[in-house]
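Colleague: These are the residues of each chain, in order.
There are 2 protein chains.
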Amino acid sequence: MDKKNINKSDYIYGRNAVFEALTKNVRKINKILISKGVSHDSKINDIINFAKNRGIVFQFVPKERFAGFADVNHQGIIAMTSPVEYTDFYEFLESKKEGFSRIIILDGIEDPHNLGAIIRTCACAGFDAVIIPSRRNAQVNSTVEKTSAGAINHMPLIQVNSLSNAIDKLKDNDYWIIAADAHGKDNYFDVDYTGMNFALIMGGEETGVSKNNLKKSDFIVKIPMLRNFNSLNVSNAACAIIYESVRQDLKHSV
Amino acid sequence: MDKKNINKSDYIYGRNAVFEALTKNVRKINKILISKGVSHDSKINDIINFAKNRGIVFQFVPKERFAGFADVNHQGIIAMTSPVEYTDFYEFLESKKEGFSRIIILDGIEDPHNLGAIIRTCACAGFDAVIIPSRRNAQVNSTVEKTSAGAINHMPLIQVNSLSNAIDKLKDNDYWIIAADAHGKDNYFDVDYTGMNFALIMGGEETGVSKNNLKKSDFIVKIPMLRNFNSLNVSNAACAIIYESVRQDLKHSV
Numbered sequence: 010m011d012k013k014n015i016n017k018s019d020y021i022y023g024r025n026a027v028f029e030a031l032t033k034n035v036r037k038i039n040k041i042l043i044s045k046g047v048s049h050d051s052k053i054n055d056i057i058n059f060a061k062n063r064g065i066v067f068q069f070v071p072k073e074r075f076a077g078f079a080d081v082n083h084q085g086i087i088a089m090t091s092p093v094e095y096t097d098f099y100e101f102l103e104s105k106k107e108g109f110s111r112i113i114i115l116d117g118i119e120d121p122h123n124l125g126a127i128i129r130t131c132a133c134a135g136f137d138a139v140i141i142p143s144r145r146n147a148q149v150n151s152t153v154e155k156t157s158a159g160a161i162n163h164m165p166l167i168q169v170n171s172l173s174n175a176i177d178k179l180k181d182n183d184y185w186i187i188a189a190d191a192h193g194k195d196n197y198f199d200v201d202y203t204g205m206n207f208a209l210i211m212g213g214e215e216t217g218v219s220k221n222n223l224k225k226s227d228f229i230v231k232i233p234m235l236r237n238f239n240s241l242n243v244s245n246a247a248c249a250i251i252y253e254s255v256r257q258d259l260k261h262s263v
Numbered sequence: 010m011d012k013k014n015i016n017k018s019d020y021i022y023g024r025n026a027v028f029e030a031l032t033k034n035v036r037k038i039n040k041i042l043i044s045k046g047v048s049h050d051s052k053i054n055d056i057i058n059f060a061k062n063r064g065i066v067f068q069f070v071p072k073e074r075f076a077g078f079a080d081v082n083h084q085g086i087i088a089m090t091s092p093v094e095y096t097d098f099y100e101f102l103e104s105k106k107e108g109f110s111r112i113i114i115l116d117g118i119e120d121p122h123n124l125g126a127i128i129r130t131c132a133c134a135g136f137d138a139v140i141i142p143s144r145r146n147a148q149v150n151s152t153v154e155k156t157s158a159g160a161i162n163h164m165p166l167i168q169v170n171s172l173s174n175a176i177d178k179l180k181d182n183d184y185w186i187i188a189a190d191a192h193g194k195d196n197y198f199d200v201d202y203t204g205m206n207f208a209l210i211m212g213g214e215e216t217g218v219s220k221n222n223l224k225k226s227d228f229i230v231k232i233p234m235l236r237n238f239n240s241l242n243v244s245n246a247a248c249a250i251i252y253e254s255v256r257q258d259l260k261h262s263v
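Note that the protein sequences, when read in sequence, are chains A and B. Numbered per the working numbering, the first sequence finishes at 263, counting up by one with no gaps. Numbered per the working numbering, the second sequence finishes at 263, counting up by one with no gaps.
Incorrect hints may have been included.
Pairs involving identical chains hold if they fit within one copy or between any two copies, as the list cannot separate such chains.
25 Å max Cα-Cα, derived SDA-like pairs, lysine to any residue [as the list claims (entries may be wrong)]:
1. Lys260 / Asn196
2. Lys155 / Arg145
3. Lys260 / Asn237
4. Lys105 / Leu235
Hints listed in this document are in silico derivations from the structure and should not be mistaken for laboratory results.
Turn these sequences into a full structure, and let the hints steer you where they fit.
Modeller: Below, the structure written as C-alpha cells:
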C-alpha cells in the first residue's frame, strides 16, 4: 500500500461496506487489512470468517499502514479491491486454443505503471495471459487499468498464490520457461521462440527474477547493453523480448 | 506546466532568485513565465532584457498558470529549470565518431515517464543522442531524471527549436530518417538498419509523428498488432524498434 500509488477507488472502507462487498460479491476483493488495535466486534468476526471461507487473504497490520487513509472513516478495516476479474489458472490451462501459446509471468513487479505497460504490450503482441503472484507484486488496480490503456479488459489476467507451483504446472503442460536476467547466457534474440509454447518470466525492478524461478527456467536470456549503463526499464525490457518472439513468428526465422 | 507533474525542484521562484539564476548561470533555465498582472519594476525589466540577450524563452501568462504554486512566494515570476545541460546540435553533428550513428527524435512526447524511459533505453542501446523540441514535448526535469534511472547523465540530449530544420540538417549529414507510425508501410523489423546512420522519430502519445515530419521520412515503419488492440506505450514501442536495430547490428542480418 505504497502511499504514492494510493487510488482511493481501489479500496472499500469500514465494517459495513467491507461486509457488504464480501457477502454480495459486488467487486472482487484481493485482500483485507485489519488494524491490530481494532476491537473485535461481531461484524469484524463475521468478516474474518467469511474471508477464511472464501479464501480471501486478510492481514492484521499496525495502524500506521492506514496513514494514507486518515481522511476516510475506515474504522480500522480496509478491503483492497480490483477493477478486474482474474481468470482461473486451471481453467486457462484447460482451454486449449489453436497454435502455440505465449504467456508472461511477473515475479515481483512493484510499479503499477510497469504492470500496466506490460499488460498493454502483451495485448498488442497477442499473448494469451499475464500471470502475477497474489503477493509481492503490484496488483491490478485502477492505476494499472489506466496505464494499460484498457488492455486489462483484453487480456486474461491470472493471479496465483505460488509462482513456483504455477511454473511446475506450466511445464507439465508443455510450456518452455524463459527467464530474463542481466546475467543470462544467451542474448534474447538468439533463442528460437517459434514452434513451442512458452512462458516468459520478468523479474521485479530491483530484485529481478527470484533464484528459485531462475533455476526452474529452461532458458535465461539477457538483453545486450551497448554502453556502460545496465538498466532497462522492465516494461521496455519485456517489450523487446515479447516483440522479438512476434518477429520470429511472423518471419519464420530466428 | 501540468499540475500532475509539478516537481517544485524544477522551478526557481521570485524576482531575486530568478535574476540570480540567470546572471550567475547556476542552473540551466528553459523558460521564464511572468504573470501578466505583475508590475514591471526594474528587476523584472532586467530579467526580460537578460533573457532576450541570452535567447531564453519568456512568456507572459495569465495568473491562473501559477495556481499550482500558491504555496510559494513566486512574486509573479517563475523560471523553469533543468537538471541537465543540453548538447549543442551543431557541435554534435561536427563530432564524428567511429561507426554508424543512431539517434532518436521525439516529436511531442508529453509524459515525462515516457521521456525518461526512452532516454534510458537509448543509453542501454548505445544510441548517440536524443533530440527533443524546445516546445510541445516534455522537457528534461527531475521526474525525467528519476525515470531515466540516471541515464540523462550518460546520453547526449539535444534541444532544438525546430524539429523540421533539425531533420533537414540530419539529412544533409547522411542520416536516414525513419518514423514510427501505426499506418506505416513496413513492419519495423523488415527495414535494414545496418550500414547507415539513422534517426528514429517517435511521436507523441496521442498525436503521433506530425504530418510534416512523416513527409520528410525515408521510411515509415509500424509495429504489427496481433490482437484487436492497437496501442503500445510509446516508450515500449521505441524500445522494440531500437533493440531491433541492435539485434541487426549484432547479428549482421535483417
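Colleague: Quick check: which numbered hints come out false for this structure?
Modeller: none
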